[in-house]
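Take each chain as given, in its own frame, and dock them per the hints.
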Amino acid sequence: MSTPAEKHAFRVSGETALTLVAFIVFFTALLAWAFLFTKPTIEQSARAEKMAILNQILPARLYDNDPLADTLTLPPEAALGITAPATVYRARLSGKPSALVVDVVAPDGYSGNIKMLAAFNAAGQVIGVRVVEHKETPGLGDYIDPRKDMNKDRPWINQFNQVPEDLSAQQWHVRKDGGDFDAYAGATVTPRAVVKAIYKAQQFVKTHRQALFAREGAAGRSSPQTETRAQ
Amino acid sequence: MWITRDEFKDIAYKGVWKQNTSLVQILGLCPLLAVTTNLVNGVMLSLATLLVMALSNFAVSSLRHFIPYEIRIPVFILIAAALVTVVDLLMNAYLHGLYVVLGIFIPLIITNCIVLARIEAFAAKHPPVQAASDGAMMGVGMLWTLALIGALREVIGSGTLFSGIDLVIAGAQPLHLMPADYPGLLLAVLPPGAFIVLGCMIAAKNWIDARQAAANLNQPAPVGAAGSH
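If you read the protein sequences in the order shown, they are chains A and B. With my numbering, you'll find the first sequence wraps up at 231, consecutive numbering, no jumps. With my numbering, you'll find the second sequence wraps up at 1229, consecutive numbering, no jumps.
Be careful, since some hints might not be right.
[As the list claims (entries may be wrong)] Derived contacts from chain B toward chain A, CB cut-off under 10 angstroms, selection only:
1) L1063
2) V1075
3) I1079
4) V1086
5) L1089
6) A1093
7) Y1094
[Claimed, not checked] If the Cβ cut is set under 8 angstroms, some of the chain B residues that face chain A in the computed set are:
8) P1068
9) E1070
10) I1071
11) P1074
12) L1078
13) A1082
14) T1085
15) L1090
16) N1092
17) H1096
In case anyone wonders, no lab produced these hints; they're calculated from the structure. Since the model is a prediction, treat every value here as computed from it, not as a measurement. Note that the Cβ used here is the ideal one computed from N, Cα and C, for glycine as well.
Okay, chain B solo, but in the shape it has when bound (with noise of 0.2 angstroms):
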């Protein structure tokens, strides 16, 4: 019932990196090209997906022995996007700052095919904690992935950190890294300019794995070392 220790470390390697939603699985590309202009979206965005998917994931997975195969996906739908909605809601009463900035991104939750995915290929199979575990994890990947291309995009495209941060937290302020008079490069800031980061960042990932597998062919790994399979 519980989870084990090499359990979740398992998720949670697989979830950050090796499965990475952005830039491995290559899902939920829609809101990333829309909302990744700056680093605060990008960040709220891969939040709010991520509290969406442990929910879903835990509830699917409590529920699998009471959905029969046949008619699994509009259930897995139905409670994806009933729990989306509650999210809504309670986000609109409890954390309404929030959900001024947040708004808009909610309903995108339920257009992105990550959640259904791993709805479908872990929680249906595992019990709700590794369930919870797997989507909370599959959040923090995309979290990452979605603050780095968000905050390269803003600087190349506009100068700035953290532009919108006001918005979270009353009084804060915006960082200004180039000189005032940086014209700002539009491209960064237009779908194209996502296109070219994700790439940049897939192709680093791909060059970080491949760097590691050579030095572990070198010197064979020691026993049991985390995360090496």
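Same shape as in the complex, but just chain A (with noise of 0.2 angstroms):
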């Protein structure tokens, strides 16, 4: 049996409870209606930004098709740096393969990995990098990233844009270690990863073109949308 004060303070924390509910339903709703309102928008500007990443390293004379339609997804990859599956771009000129892009990590930045997209040509060439995401020293090892980089007329990164075809295994290390390419005083362990890994993704890339271009539309076409968040 319960008094009328208990009975009281039941009805109020029911009539409480029900006014908290009414308006957590009121706001979930709104928020329901905000994401399925400015998702197609947000898309296509995910899409825009993925392409104009693209586009720094791919030059539009490259290709004719749409390299976001046509993927294919690689699972971890110890010679790409990669620990989860990651989307490949393919880029075709009239149906022939003519440029690969694909995501690179370099396992041992000065703190932590760099993350990059490289662009390799048909013959499996390096033609382009960018960073997309590291954890470098500001000011000492960030002249990776081209935004960052005191140099603007010749960024650091764009060594990568003409690469010899026949560099050697030794040429592919930093000047410090002996090697063709250059790096800032002070800072040799942030280039040092980068170069590395970039070598060691194209030592793949060349190995599996042909696997990397073949199966156009099969694995790549059917789900292209579900890539996106694969960086």
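Right, here's the structure in full:
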């Protein structure tokens, strides 16, 4: 048996809880509406942003297809440093393979992973690299990102745009280690990690380029949208 | 329902100067310290916060008669968090360039106690238009303060001004105010630099207020002088 005071307390707490639930339902509905309303536009912007990065390393004259739709999902691959499945974007000119863009991760930066996007031509030769994510020391190792590079005319990362085809394994090092790649004094760990990772990736792409360009339509076309978050 | 000129003046004076979020209430220090390493970041975070504060104050004030006093805190947080998320989504969709710059700051806004403080102290007791003005004006107060702190830290720390502006306005270039070989002062860019600059600004504000108070004592203020209360 409950007293009138207890009954009153129950009623008040019930009503208060209902009010709270009403507010939650209303604002959840608002969120759901905002999410659904903005979803197509956000996806379009994400796509445009991705295309903008691709355009920095993939010369427009090299392809006439839509690389964002011609993709391949790659399982984790030690040679590329990726530990989760990653997307490969394939560029073609009049149907012929012309370039690949793959994720490359250098695991041995000065502070953690350096995530990059690297473009390779049909022969597997590197033609461009951009750093997408890194935690290198600001003002010291972060010149690998051209936006932070003090040398705006010839950013450090552009060395990868014109790497001679016949570079030996020894030449694929920074100058300090007896190779052909420049590096700013005082910050060698970062460029060393980048050069090493790109070299390994190039070896991988050269070996597997047939498989990477093959399977047009099969794996890539079926689910191009599911991979937009792969990086 | 509407707002009178004097009411708005009073709200604006309090928000921009007398109860300035950063210099007087000393609220929201976490984003202040983390973000004001340069002018553009400070201004952008303030703009996003201004928008959220005006919206959340307006929403809470409009709904204030339906919110039971006992559960007002969870409801306030719910409203503010929902609005932050909506602003986040809308900016991502329609102002994508700006979102890329501001994206990381927007979730920070909900951790900024100034939002909840203005809801609880002002919006819950005033009509919607006044509440929205209060949110916006508190935001303006935060805006000029963070802009000044960011500008001082940027000039002293790295010798530039407006770095990062190209992410907001495509093609715009930062100004280089110091000689090309200016080594920069790392202290100004690190969090202690923010504390020192903020301390100097609080001291400057108190000095200005004290001078004005002294001037008012010497010659009696004319009747109805704006903001002299």
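Let me know if the C-beta of N1092 of chain B comes in closer than 8 angstroms to any C-beta of chain A, holds or violated.
Since the shortest Cβ distance to chain A is 5 angstroms, the answer is holds.
- Message: Interface hint check: A1082 of chain B, Cβ to nearest Cβ on chain A, cutoff 8 angstroms. Holds or violated?
- Response: With a minimum Cβ separation of about 4 angstroms from chain A (threshold 8 angstroms), the hint on A1082 of chain B holds.
Exercise for review: Would you check whether V1086 of chain B satisfies its interface hint, that is, whether its CB is within less than 10 angstroms of any CB in chain A?
Suggested key: holds (4 angstroms)
Checklist line | Hint check, I1079 of chain B versus chain A [nearest Cβ-Cβ separation less than 10 angstroms] | finding: OK, holds: I1079 of chain B within 10 angstroms of chain A, min 7 angstroms.
Go through the hint on V1075 of chain B and say holds or violated, using the shortest Cβ distance to chain A against 10 angstroms. Constraint on V1075 of chain B satisfied, holds at 5 angstroms.
Under the criterion of a CB-CB separation shorter than 10 angstroms, is Y1094 of chain B in contact with chain A as hinted? Constraint on Y1094 of chain B satisfied, holds at 7 angstroms.
Quick one, is the I1071 of chain B hint okay against chain A at 8 angstroms, beta carbons? holds (5 angstroms)
| said: Min Cβ distance, L1089 of chain B to chain A: is it shorter than 10 angstroms? | reply: holds (5 angstroms)
Under 8 angstroms, Cβ to Cβ, is where P1074 of chain B needs to be relative to chain A, so tell me if that hint holds or is violated.
holds (6 angstroms)
Does H1096 of chain B meet its interface restraint, that is, does its C-beta lie within less than 8 angstroms of any C-beta in chain A?
-> holds (4 angstroms)
Hint check: is the beta carbon of L1078 of chain B less than 8 angstroms from a beta carbon of chain A? holds (6 angstroms)
*Grab the minimum C-beta distance from L1090 of chain B to chain A and call the hint holds if it beats 8 angstroms, violated otherwise.*
holds (6 angstroms)
When each numbered hint is compared with the structure, no violation occurs for any of them.
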